[in-house]
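*Asks:* Sequence:
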Amino acid sequence: MKNKNARLELLHIQLELNNQRSQHMRHFIDQYYCYKHNFVTSTGKASWEKCLWNGHVSKAAMIEKDRKRVTKEHIIPLKVIVQELKQLAIEAEVSLDSIQKFIDDNLLFATITKEEDAKLRALKLNSSMPNGYYLPDNPLYKDKFGRYKLAGIELIERT
10 MKNKNARLEL LHIQLELNNQ RSQHMRHFID QYYCYKHNFV TSTGKASWEK CLWNGHVSKA
70 AMIEKDRKRV TKEHIIPLKV IVQELKQLAI EAEVSLDSIQ KFIDDNLLFA TITKEEDAKL
130 RALKLNSSMP NGYYLPDNPL YKDKFGRYKL AGIELIERT
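Residue 147 in the numbering used here is what sits at position 138 of the sequence shown, and the numbering runs on without skipping anything.
Do not take every clue at face value.
[As the list claims (entries may be wrong)] The calculated lysine-lysine pairs, modelled on DSBU-like cross-linking and capped at a C-alpha distance of 35 Å, are:
1) K88 - K59
2) K128 - K74
3) K128 - K81
[Claimed, not checked] Restraint ranges, calculated between C-beta atoms of paired labels, are given here:
4) T80 - H33: 19 to 25 Å
5) Q92 - S51: 34 to 40 Å
6) M71 - V49: 36 to 42 Å
7) L87 - K123: 16 to 22 Å
8) L105 - D146: 33 to 39 Å
These aren't lab readings, by the way, just hints derived from the structure by calculation.
Built from N, CA and C at the ideal position, the CB exists for glycine as well.
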């Protein structure tokens, strides 16, 4: 990996997993994402704000100009990502490559409005995936965007 800071965050994640700890995972995972995608300040620190209006953005958030009316959202809730990482660590020793692949495959951000966030909360999907995400015969099986589909939130990928 070319980016030293992103690699350091992966090392932190690996240490946490190998020691059955997870209380700092949000910080390390989000930092990794920022460094990997060059969302950094002029001094080289990770910048959460640069995630906004990048990646996936809801149609409603695309027209919203007031920062206070939107929020950054993990498309697959971080709680789910951490649980799955912990499960990987239980099943086998995790390498930096396996951690990186898992995070790169599952960590996506969306910018949505606060009203859309309230829809997810009303459906109790703010920190979990729909049941169908885990059921092989369900149309939402492993659908990263299943929460948004159920809430009627349309996301557009911005490059």
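*Asks:* For each hint, tell me whether it holds in the structure or not.
*Replies:* A quick look at each hint next to the structure:
1. Proximity of K88 to K59 is assessed by CA-CA distance (about 22 Å); at most 35 Å being required, the pair is judged to hold.
2. Among the hinted pairs, K128 with K74 is consistent with the structure: their alpha-carbon atoms are about 20 Å apart, no more than 35 Å.
3. Our distance criterion of 35 Å between C-alpha atoms is met by K128 and K81, whose separation comes to about 15 Å.
4. For T80 and H33, the Cβ-Cβ distance of about 22 Å falls inside the hinted range of 19 to 25 Å, so the restraint holds.
5. Checked against the given bound of 34 to 40 Å, the beta carbons of Q92 and S51, roughly 36 Å apart, stay inside it.
6. Between M71 and V49 the C-beta distance comes to about 24 Å, which lies outside the given range of 36 to 42 Å.
7. Between L87 and K123 the C-beta distance comes to about 19 Å, which sits within the given range of 16 to 22 Å.
8. Hint check: L105 to D146, Cβ distance near 35 Å, so the stated range 33 to 39 Å holds.
Hint compliance for this structure: hint 6 is the single one not met.
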